[in-house]
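Input sequences plus hints: build the corresponding full structure.
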Amino acid sequence: MAKVVFKKPHALAGGPMHYCPGCTHGIIHRLIAEVLDELDIEGSTIGISPVGCAYNNYLYFNCDMIQAAHGRAPAVATGIKRSRPDNIVFTYQGDGDLAAIGTSEIVHAATRSENITIVFVNNAIYGMTSGQMAPTTLLNQVTTTSPYGRTTKLHGYPVKVSEMLSTLDGASYIERVSTHDVKNIFKTKKAIKKAFMVQMEKKGFSLVEILSSCPTNWGISPQEALKWIEEKMTLVFPIRIFKGFDLEVGK
Amino acid sequence: MAEKVLMKGNEVIAEAAIRAGCKHYFGYPITPQTEIAHYMAKKLPEIGGVFVQAESEIAAINMVYGAAAAGIRVITSSSSPGISLKQEGLSYIAGAELPCVVVNIVRCGPGLGGILPAQCDYFQAVKGGGHGDYRMVVFSPSSVQELYELTVEAFNVADRYRITSMIMGDGMLGQMMEAVEFKDEENIETVEKDWALTGTRMKREHNIITSVNVNPYELEKINEGLQAKYKKIVENEQRVEIYNCKDADVIIVAHGTVARIIKNVIETLKHEGIRVGLIRPITLWPFPTEIFEKYASVPKMFLTVELSAGQMVEDVRLALNGKKPVYFYGRMGGMIPTQKEIMDKIKSILRGDRDG
Amino acid sequence: MAKIVFIEDRCKSCKLCTTVCPKNILFMDSKKLNKRGFNPVAVSDMDKCTGCGFCVTICPDCAIEVEK
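Chains as they are written, first to last, in the numbering used here: chain F, 1 to 251; chain A, 1 to 356; chain U, 1 to 68.
The calculated BS3-like cross-link candidates involving lysine-lysine, where the alpha carbons are at most 30 Å apart (straight line), are:
| id | chain 1 | residue 1 | chain 2 | residue 2 |
| --- | --- | --- | --- | --- |
| 1 | F | Lys-7 | U | Lys-32 |
| 2 | U | Lys-68 | F | Lys-3 |
| 3 | A | Lys-203 | F | Lys-3 |
| 4 | F | Lys-203 | A | Lys-23 |
| 5 | A | Lys-42 | A | Lys-193 |
| 6 | U | Lys-23 | F | Lys-7 |
Since the hints were derived computationally from the structure, they do not count as laboratory data.
Keep in mind that this is a model prediction, so the values were computed, not measured.
This is the structure in structure tokens:
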């Protein structure tokens, strides 16, 4: 009898997800769930949903979940982790959530070296509210609030979160990865797994920045969107590890 | 034998929280309440508790949101400007029906204002400073002893109804030292928190703590549930002190430290044959409307005295519903009314002076 | 011998799987509509499937399972 090799991970709840066709949020959710299964931590994990496209992803994970105010997930995570240090706590945040309104919370969670894991999805736009400019919107990128293209004079520069946070000693593991092809999706899973293991081994703050697509608001097809990540986003947001290269986990 | 100690108000709040079984504090410095944080920073680590100085009051209330969702007793404290920053978080906590205790040691405003005592956050506290139809149980202590007793009670009420309990004192109360008698054993009501985020341990369905629901039918149901809870609280949790009201010509309505001045005024005016009573709301929400129905017929008039431009006076007028005239006397900016000012006001309204 | 199993009603016809299949055996079945009104993914020649799982890896909606 054929053995099932690939199937929906247990930690991913049953129903279909609401994301747009081809949006890589769905992939990232599956990767997190696969990691929860493989590390056997679904039962002790508590996840935090952001405000944004993933605002109700508490419906998609089978672990305990809580929905946080816009940008405040790292503080909510701090409150939970400090109350239940043996539980595994992760936040799932977009670039508007983390890099705009939530900048203060993410900087201080990192600098306090909170023993939590941050899954930071960077798709260079506000998805849920239909396509506004985000702190990570690229120069010249057209959005509903930069209709003539983002310019440095009016809108400044895209913020590089992984680079910024890696200057903080409290941050133990920071890596930027991408979902624009199968190889990079495997790398993304590896990074997510490492981040959770850093937390499991109480080695401090871990964050994975994941370049992700938004076909609907970028106004291109899902496949073109992945190409846009590869050809445009990775130039501004290089895919590499920023902190914790030598951090051993799972020994 | 209960332990009697001379202690500062702010520190009593912290000690009371610890005695109520609360071992987690998330806060941010702001005068005139920061001694609460100092006390917690020192004591909590000694008892296996957690003190976190957050990067802002916004972060602090969201840490409280997380800790409360994890099912533990948790407290934060701040003063007026900081409490303004917490309003969104308080609305989320109300929407997700989480229990916690928030302390506001009020200072004069608006804006940066001053650091002296005031009661000008009344509306924000009882009418809901954040968005949406929600309430908090708001206690107004008027002595350091009551700071202790009401803080312990605040945790019980919070857990009993899955609601925020606010201790609203003022700068004077937080800073003054008075004798406090601590009980040997605290009355801690423990409740089953099966809704809390503890990890499914693969033995139960996952718990979800959220306040969002884009389906109007469901969100209205949720709101109806909240309103039913608030109705029950109004019926069961009204707390008030009545002082010398039996055959008073004037009944003064005052809360917190102002009520202490009023009691002196009442005793002084007795010698001049002027009968004055005091109704002292201890819960600002639920406002003690029942007592007003009972005492509406007694005096010729009511006088509300507040450290504000007049906020609680509106609830007094609502409670009396026009049965008797309600006058107001207030000081702002951190000024505290003297007994003489209040006595002059009483005599003036008794003479029927135009309310200049 | 590997086999792909489609959970058709989860498919949103985003076509990403068709772009990564090394054997190029995936296509959108224009003759069919799933419950959500999308043309679901279909396979042209199951025998060629090696069970590599690339399609599963890039599918955002867990619409594909693989047996070996």
